[in-house]
Amino acid sequence: MSTRLTLRTAFIAALLAALILLPVYVAFTGDRFLITLFTRIIILAMASVSLNLILGYGGMMSFGHAAYLGIGGYAVGMLAHEGVLSGFVQWPVALAASALFALIIGALSLRTRGVYFIMITLAFAQMAYYIVSAFARYGGDDGLTIYKRSQFISPLDLSNKVQFYYVCLALLFASIYLVWRLVNSRFGMAVQGARSNDIRMRAIGFPTYRYRLVCFVIAGTLCGLAGALLANHTDFVSPAMMYWTRSGDLIIMVVLGGMGSPFGPLIGAVALLVLEEVLSGITEYWQIILGPLLLLVVLFARGGIDGLLKKVARD
Amino acid sequence: MTLFFEQCLNGLQFGLLLFLLAAGLTLVFGIMDLVNLAHGSLYMVGAYFAATFAAWTGSFVLGAVLALAATLMVGMAVEVVVMRHLYDRNHLDHVLATFGLILFFDEGTRLIWGPAGLSLPLPSWLNGPVQVLPGFQYSAYKLSIIVVTLTVAAFLYVLVMRTRIGMLIRAGASNREMVGALGVNIKLLYTLVFGLGAALAGLAGLMQAPILTVQIGMGESILILAFVITVIGGVGSIRGAFIAAIVVGMIDTLGRSYLPDVLRMMLSKEAAATAAPALSSMLIYLLMTLVLVARPEGLFSQGGK
Numbered sequence: 001m002s003t004r005l006t007l008r009t010a011f012i013a014a015l016l017a018a019l020i021l022l023p024v025y026v027a028f029t030g031d032r033f034l035i036t037l038f039t040r041i042i043i044l045a046m047a048s049v050s051l052n053l054i055l056g057y058g059g060m061m062s063f064g065h066a067a068y069l070g071i072g073g074y075a076v077g078m079l080a081h082e083g084v085l086s087g088f089v090q091w092p093v094a095l096a097a098s099a100l101f102a103l104i105i106g107a108l109s110l111r112t113r114g115v116y117f118i119m120i121t122l123a124f125a126q127m128a129y130y131i132v133s134a135f136a137r138y139g140g141d142d143g144l145t146i147y148k149r150s151q152f153i154s155p156l157d158l159s160n161k162v163q164f165y166y167v168c169l170a171l172l173f174a175s176i177y178l179v180w181r182l183v184n185s186r187f188g189m190a191v192q193g194a195r196s197n198d199i200r201m202r203a204i205g206f207p208t209y210r211y212r213l214v215c216f217v218i219a220g221t222l223c224g225l226a227g228a229l230l231a232n233h234t235d236f237v238s239p240a241m242m243y244w245t246r247s248g249d250l251i252i253m254v255v256l257g258g259m260g261s262p263f264g265p266l267i268g269a270v271a272l273l274v275l276e277e278v279l280s281g282i283t284e285y286w287q288i289i290l291g292p293l294l295l296l297v298v299l300f301a302r303g304g305i306d307g308l309l310k311k312v313a314r315d
Numbered sequence: 316m317t318l319f320f321e322q323c324l325n326g327l328q329f330g331l332l333l334f335l336l337a338a339g340l341t342l343v344f345g346i347m348d349l350v351n352l353a354h355g356s357l358y359m360v361g362a363y364f365a366a367t368f369a370a371w372t373g374s375f376v377l378g379a380v381l382a383l384a385a386t387l388m389v390g391m392a393v394e395v396v397v398m399r400h401l402y403d404r405n406h407l408d409h410v411l412a413t414f415g416l417i418l419f420f421d422e423g424t425r426l427i428w429g430p431a432g433l434s435l436p437l438p439s440w441l442n443g444p445v446q447v448l449p450g451f452q453y454s455a456y457k458l459s460i461i462v463v464t465l466t467v468a469a470f471l472y473v474l475v476m477r478t479r480i481g482m483l484i485r486a487g488a489s490n491r492e493m494v495g496a497l498g499v500n501i502k503l504l505y506t507l508v509f510g511l512g513a514a515l516a517g518l519a520g521l522m523q524a525p526i527l528t529v530q531i532g533m534g535e536s537i538l539i540l541a542f543v544i545t546v547i548g549g550v551g552s553i554r555g556a557f558i559a560a561i562v563v564g565m566i567d568t569l570g571r572s573y574l575p576d577v578l579r580m581m582l583s584k585e586a587a588a589t590a591a592p593a594l595s596s597m598l599i600y601l602l603m604t605l606v607l608v609a610r611p612e613g614l615f616s617q618g619g620k
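For the protein sequence lines, the chains are E and H, in the order given.
Quick note: the first sequence uses the working numbering, first residue 1, plus one each step.
Quick note: the second sequence uses the working numbering, first residue 316, plus one each step.
The shape of chain E in the complex, shown without the other chains (with noise of 0.2 Å):
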């Protein structure tokens, strides 16, 4: 079994060395918009990464995810256009203005339980879409071009693609450890307990409501600093980037990864936006075999890529 088990972790292993790798391999073919692609997914595997930590672990279905990367693209969008540039300012506020929008949506939305929760996160989302369509002064509707990106000390530059690629796969690193080291903590193990009985970890004296709260304000931060490096990617923001279909695309990534499962959302992420470029090559109408796909998935794949690959190595 010991044997058989390692081709997960062989699987693994392969998909971090490749992307460790990438910039070389683009180095010798010159195929530089691998590096754009793989950059793009990497931040979705961050923010789906953050998603995975309150939808699979805590059980929290969250369904206005993609808020907090409009929000963190919004903080360094606005702040660029209003002159301010140094990264050691942008970041730190989109981390905290997605920090306290989680608390406060967290707040009001952790008071309810299933499909409400579902749909409450899905309102407040919707509303932060509405409030930033609404900033004439930041673009409104059309969006804000971003001239510059996050200045930070000399060497580091994240105009120059590799560095930037580096940063990024550096931080989605730094995330899915972060998580991993989180929910085996006592207060992730709390977390989770809450996720399979609430009442009975109430019963022992666990105060439930404060621990998934400040696990929703965790994702929902890691999810604010994957906004920001989203804005300095795409050098754009707008309002589309927090609609609700935004939010699913996040969800079909951690599902299709491997929901509660430390490196499943960054194999689900990869997998549907490689998916999505290869499908879009064949044919025009690409969603008419991703939609199906998907629900086979659903119907026969429980536990995602991640829990095939178990499934394989149990066998």
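In short, the hints are calculated from the structure, not lab data.
For clarity, every value in this text was computed on a predicted model and none was experimentally measured.
Cβ coordinates follow ideal geometry from the N, Cα and C atoms, glycine included.
Taking beta-carbon pairs under 7 Å as the criterion, some of the chain E residues facing chain H (in silico):
(1) L108
(2) M127
(3) Y130
(4) A136
(5) G248
(6) V255
(7) Y285
(8) Q287
(9) I288
(10) P292
(11) L299
Have a look at the derived ranges for each label pair, beta carbon to beta carbon:
(12) H:N490 <-> E:S196: 19 to 29 Å
(13) E:P207 <-> H:E492: 33 to 43 Å
(14) H:S434 <-> E:F28: 52 to 62 Å
(15) H:S434 <-> E:V312: 48 to 58 Å
(16) H:T466 <-> E:D141: 33 to 43 Å
(17) E:L279 <-> H:I427: 16 to 26 Å
Since chain E is already given, all that's left is putting chain H on it; use the hints.
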């Protein structure tokens, strides 16, 4: 004053239309415990069918009837092929699977009807104003929407509360195993309920078609409104959906027409111009948040869901 009265009627008409969507959602929600994001797709399909059939037959009414039947068939087919396998799954699986269905329906529609929108012209007898009260005229078509939706609401009430099928539906909502054990064909019942929900969504779509353009993605924005209504009213409660739909329709319509004026009295002209569109789009979400904070299970919850 006439303007205000007209806006109230507009709000009522919009609310009743939303009720058609929310009723189907809440039925499927309450009885099968299924979150169906693809409900908006059925609304879109209904509108496309109506535009196509009306063009073929040359008659608005005949086209509408055919479209209704076709949407019913599509709904039942979706239930048999997909939804049936999702009932014993959790809500997250529902969200994901029906999200996949949305992609499929949107792209399928683009494939069949092309990316450009369609329009559904009104017949002359519906196109124009009628005298409602002395000195007050209102669009004949919008008035007929109000009449049709109120009839459908009454029909739904009688169906669910006064017939044997309705009794089975209500019994299935509270305890599906027991109803099955008593010899009721639950599978068939579920297919019928889902088909009914689809037909209601299709009806809403085809009635909205002459007012808006029939286009891809038209279901997505209105779907969220229907969900908001379902949640405010309490999942599974048709009465709750009816009341919430009218409240939401009124608030949305009146908010859009009067909020800019109200804000202008309180704020500077520029601040009001910026805040008004955002605030009026947000009003219903604010309402839902307030309702859920006060009553986490909605206004008329059936409990336990």
